[in-house]
Amino acid sequence: MARYRLNVNGGAREVRADPATPLLWVLRDGLELTGTKYGCGIAQCGACTVLVDGAPKRSCVLPVAAVREAKVTTIEGVGADAVGRRVQDAWVAGDVPQCGYCQSGMVVATTALLKREPAPSRQAVDDALRGHICRCGTYERIRTAVALAAEKRA
Amino acid sequence: MKRSRFLLASAAAGGALVIGPARSRAAAAFEPTPWVRLEPGGGATITVHVSELGQGVNTGLAMLLADELDLDWRRVRVVTAGADGKRYGNQGIGGSRTMRTSAKKFRTAGAATRSVLVAAAARRWGVEPASCTTRDGTVRHAASGRSVAYAELLTDAAQLPLPQSPALKARSELRIVGKPRPLLEARDKSSGRAVYAMDVRRPGMLVAVVERAPHAGATIAAVHDDAARTIPGVHGIVRLDTNPYPDQFVWPGVAVLARDTWSALAGRRALRVNWADGPDANADSDAVRARLIALLDAPAALTSKSSKGDVRAALADKTIEATYESPIQCHAQLEPSNALADVRVDRCEIWAPTQSPDDVLGAARAVTGFPANAIQVHQTLAGGGFGRRSEIDPVVEALQLSKRMGRPVRVMYTREDDMTHDFYRMASMNRLRGTLAADGSVTSVAHRYAGPTIGLQRGYSKAGELDDEALEGLDRPLYEYPAYLLEAVQTADFPVRIGWWRAVSVVPNAFAAESFIDELAHAAGRDPLAFRLALLAQGSRARGVLTAVAERARWSDSTAAGGVARGISLTSYGATPVAQIVEARIEGGAIRVPRVTCAIDCGMIVNPSSVIAQVQGGIAWALGAALKHKITLAHGRAQQTNFATYPMLRLHEMPQVDVVLVDSDADPSAVGEASVPGLAPALGNALFALTGRRLRSTPFIV
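As they're listed, the protein sequences go chains B and Z. Number 192 marks the last residue of the first sequence (the numbering used here); no jumps. Number 1558 marks the last residue of the second sequence (the numbering used here); no jumps.
Please keep in mind that the hints were generated in silico from the structure rather than gathered at the bench. By construction, the Cβ of each residue, glycine as well, lies at the ideal position given by its N, Cα and C atoms. Incorrect hints may have been included.
Coverage of chain B stretches by chain Z, computed from C-beta distances (three or more under 8 angstroms per stretch; other residues unrestricted) [stated by the list, open to error]:
| hint | region |
| --- | --- |
| 1 | 71-77 |
| 2 | 80-93 |
| 3 | 103-114 |
| 4 | 136-145 |
| 5 | 176-189 |
Pulled from the structure, derived: some chain Z residues nowhere near chain B, Cβ distances all over 12 angstroms [as the list claims (entries may be wrong)]:
| hint | residue |
| --- | --- |
| 6 | Ala-1026 |
| 7 | Gln-1104 |
| 8 | Gln-1495 |
Using the sequences provided together with the hints, build the complete structure.
Encoded structure:
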């Protein structure tokens, strides 16, 4: 057990955890940030995606000890940012979610993409989201919503 | 006493009801039916009795009720009911049936409520109810220019008898139904606020992961838990080797309970359980396949009543025979199976993603001995259902563990647990024999199904009687064959547990039937569309979707241009016919599907956005199944354990899906599963057109 001071969604959060504990379980069990989802535990589905210093990471395989002072942004924090908010609005306007379980990861990854590439090509969208599984098959609407969020940039 | 009357009566007895001018009367909510409650503040709460799994029932059923009641949609809130069969009737979900079974109920509730609100306003104004209109939660009397909000009428309306069969709106009068609306949960699901069972927390809660029997039938021989008990955070190790609720199959297992998920997982890694083999300990995929082939050739087949004519006497200028094969597949809903139970000394609560809340209640009664009114079942949002949530195995485990520990317990399946302890879609084989006359017309089709059935494995179907459930998609043939024989050799004997899976048996059955008719068409030298149309009754809904899809995709222009070929299929799920045209090409040895055109006639379209989403989703599901999905067995156990070995369809593989909604006056019928069965045969037919090679087993390999 060790003590960690994490920077999550702009605030300092103290947690005690085994150093090998994946950030996913620290967020969900320790910090009660349950918007980040468990889907596979082996970085195959993307449901657990969070931003670490702005880059999308699979929190299910990221040990808490490796996070250090990095800024962690979860789905709960992503809407505080104008791009993140636009992505969420596009997800609603496009009626994207079905069961919704994968969508936290999709929204977080799309936010990272649009911050990096405001007008991504089809290939760039594929590359950014091909690591994410939607079992309900909302892929077409995701594609449309990404385009909508990109278009609406100020 | 009706609950609505009771609410008001108690308010009156408690002195809360103020007698005075109309404006100040509204003190209590008006709840004329279990489905809707009008709040004194002007809002409306609609209660949906089944789980929201992503299929859009909350939004769809609320739209129906709100439309008949002329509510202001912006002030509608939806809640999911607890398990209460007395109040809500059957709350189970399966077979894409909710709209079919509940649309009328919700419309009637809305119309009846509207009727008493109008009557209350008319009485107050001394006018005829028929001279009043309603809109956005307000009754209006145009002749006198008066209007009153529903909220002002609640007390008066509660005194009036609720009509049992109120007139429903004509289609042309519907204002909310038929227009696309995002799901009510869209915002919460896009911002991490939606609460799934996995997200519910209770004070003092423990997390349990369970080491379950490696194959059905194995039993616990010995448990070595010394190391697991030393893991920090682990609170207990509990053997689960009896089943308190035999209606649900559960695996024997050993639970590791800890204060958090990671500690529970670490505890389980340190646990050693020795298992005593069951009879299927050595079952493997080759043995399953050999058994299916033996069944296919068995003499003792049962004949379906849907058979007609004498296939043996049919003219046979040509005879075509083919056997189709479908593998075991798993659900892989993205939120793994889980449940949270909080069993106290005299009451209990359960949170679960479930398609069978009545079973959850039954299990809770069996485990706790409490009466139903001491048990609260929370049907949470579910991260996918697809039939997996018809099983309540995690609920049975969580109830026992919570009772034993005296604390709330969440049972969480890991992805590996979920994939290796599923209630799989069964493997099956279908053999067809068809005859053609010299002019190329079909003279007979004989279809033989071989495989296990869910009913036989669970004992609700009788051996020696035909289990029609496994013949869905075949026992009401869409085509008017001059002679048709449907036979089956069915068995209870299968080494893994099988269950309901999006469109279940219709998927393998339609794969066989719709591939075979394509084979017949090619053998007859006919166009596959024209060949089908010749066998369809004029004016039938099936013919309607087939014609619609052919027009939209411009089938008549069909040429295998640019290395792309097309295939067609016509299927039916419940009362919903679906036609698909799939484009396929082969790129670097892999099958690519750039585009699917799909026409569906699901009767009255409640929320077009949801219908389109479900059709697209069903196609994504079916494409993954047709290209990738196969569970293989070794030692009685699935060899695929996670998405690395059981890969899902991904964004870059998703075809463009063009959905044609065929307008129809019929009652709403199945949507969620309807687009699944037709994809594989249409794709197989496209690949035949492309390569000249007929693919008769899925997943397809070229």
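Verification of the supplied hints:
A stretch counts as covered by a chain when three or more of its residues have a beta carbon under 8 angstroms from one of that chain; for the region 71-77 of chain B and chain Z the count is 7, and the coverage holds. A stretch counts as covered by a chain when three or more of its residues have a beta carbon under 8 angstroms from one of that chain; for the region 80-93 of chain B and chain Z the count is 4, and the coverage holds. For the region 103-114 of chain B, the proposed coverage by chain Z is satisfied: 3 residues have a C-beta within less than 8 angstroms of a C-beta in that chain, meeting the threshold of three. With a cut-off of 8 angstroms between beta carbons, the region 136-145 of chain B has 8 residues touching chain Z; three or more are needed, and the interface restraint holds.
Proximity of the region 176-189 of chain B to chain Z, defined as three or more residues with a beta carbon under 8 angstroms from a beta carbon of that chain, is established by the 6 residues found. Even its closest Cβ contact with chain B, about 27 angstroms, leaves Z/Ala-1026 beyond 12 angstroms, as expected for a residue assigned away from the interface. Listed as a non-interface residue, Z/Gln-1104 keeps its Cβ farther than 12 angstroms from every Cβ of chain B; the least gap is roughly 23 angstroms. With a cut of 12 angstroms on Cβ distances, Z/Gln-1495 stays outside the contact zone with chain B, its closest approach being about 16 angstroms.
The structure agrees with every numbered hint stated previously.
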